[in-house]
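We have chain A; now place chain B onto it with these hints.
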Amino acid sequence: MKTSPMTRRTALVLGGAAILTPATGLMHPAQAAGLAPTPTMRGGANNYRPDAPIVDRIGGGGFWMTGTVRRAGDGAPLPGQRIQMWAHTTEGHERDPHSHGATLTDANGVFRLEMPQIVPAFGQAHGHLAYDSGAFKTVFLRPLMARPSDTTLNVDFVLEPA
Amino acid sequence: MNQPSRVKSALIWCAVVLAVLAPISLAATSPLLQWREPTYIAAGLAGVLGMTIMFMQPLLAIGALPGLSLQRSRYLHRYGGIALVLAVTVHVVGLWITSPPDVIDVLLFRSPTPFAIWGVLAMWAVFGAALLAILRFRLPLRVWRLGHTALVTLAVIGTGVHALQIIGTMEQVTKVTLSLLIGCTLFAAILRRKVWAMGVRSRRN
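Heads up: the protein sequence lines correspond to chains A and B, in order. Note that our numbering numbers the first sequence so that position 108 is 165, with each residue one more than the last. Note that our numbering numbers the second sequence so that position 162 is 1344, with each residue one more than the last.
Keep in mind that the hints were calculated from the coordinates and are not lab data. Honestly, I wouldn't trust all of these hints.
Stated by the list, open to error - Some, not all, of what chain B presents toward chain A, calculated at C-beta under 8 Å:
1) 1211
2) 1214
3) 1219
4) 1224
5) 1281
6) 1287
7) 1291
8) 1293
9) 1348
10) 1349
In this text the structure is predicted, and so the values were computed from the model without any measurement. Just so it is clear, CB atoms sit at the ideal spot from N, CA and C, and this is done for glycine as well.
Chain A on its own, in the form it takes in the complex (with noise of 0.2 Å):
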């Protein structure tokens, strides 16, 4: 008499490697991906003007730009990168060169810039913001202020390379 070559210990063990497999997350496919970066928004590259200087400050100052570059994927944080960014502010419309300007995250990937007070423009308090470099994948943001009357925006970016 011919034995199956599948006993019921072997077919135990492998139905419960079957079972058990996708249990420990070692087959999840987002896995891979990760940590997804940031798309550009609608409107983000509107009066965009290529190459606005580093500065230490836009105009007076007196509004805090704030944020983090980090890389798609596994997430680590990206120093020296130049993150450009321009508004309609106290200080002129979002066209005006002098309302346009750029700087460099530090090690830990946090970048922050001084600029004059956002004010309300088009219908909405928003800023503009740009990574441009090359490096990665250009991406253009135009988030909104919660409230007109805030001081600061923060605004995170994930990169993904070109």
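Same frame as chain A, but now just chain B:
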């Protein structure tokens, strides 16, 4: 004109003048204006002015204002329509000069701001209503009446939603009040138009 009716008509005119001047004067003294260039200021005020014209138009269409004959009211209604088209044009062109990419996004319906879509809708409705008025005598009567009424209703709804969602130069209380008044005067004018009632009656017979 006897004494009580004279008082009544004076009160009505006071209310109308207040409803027009309060939102305009408060918008004209908004703190936001100190950070805006003249073109942008003019564009914003043209929008407010357009809203006040929109409030007057139904009152003129039905001759509801005391001391003005229906004929005189209709005459002023036509000039009100021309003024409204001009106000909307100055509003859009002024904003375009101030920030071209924002207005292009709005006109192409790809703006991130929800109120912009309502504004564009109202603009085309105003232009459409004006076009029907120009073509009035070449159109079947029913097309003219229904078309003009439907388009101005769309314009009023679009303008109200547009204005209420904007953080801008208009003061909040006068903005809400004017938006409601525009809706109320249009609704009252539609109800007062006897042609609708006559139409219903003739269909019944």
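Hint compliance check: list the failing hint numbers for this structure, sorted ascending.
Going through the list in order, the structure violates hints 1, 4 and 7 and respects the others.
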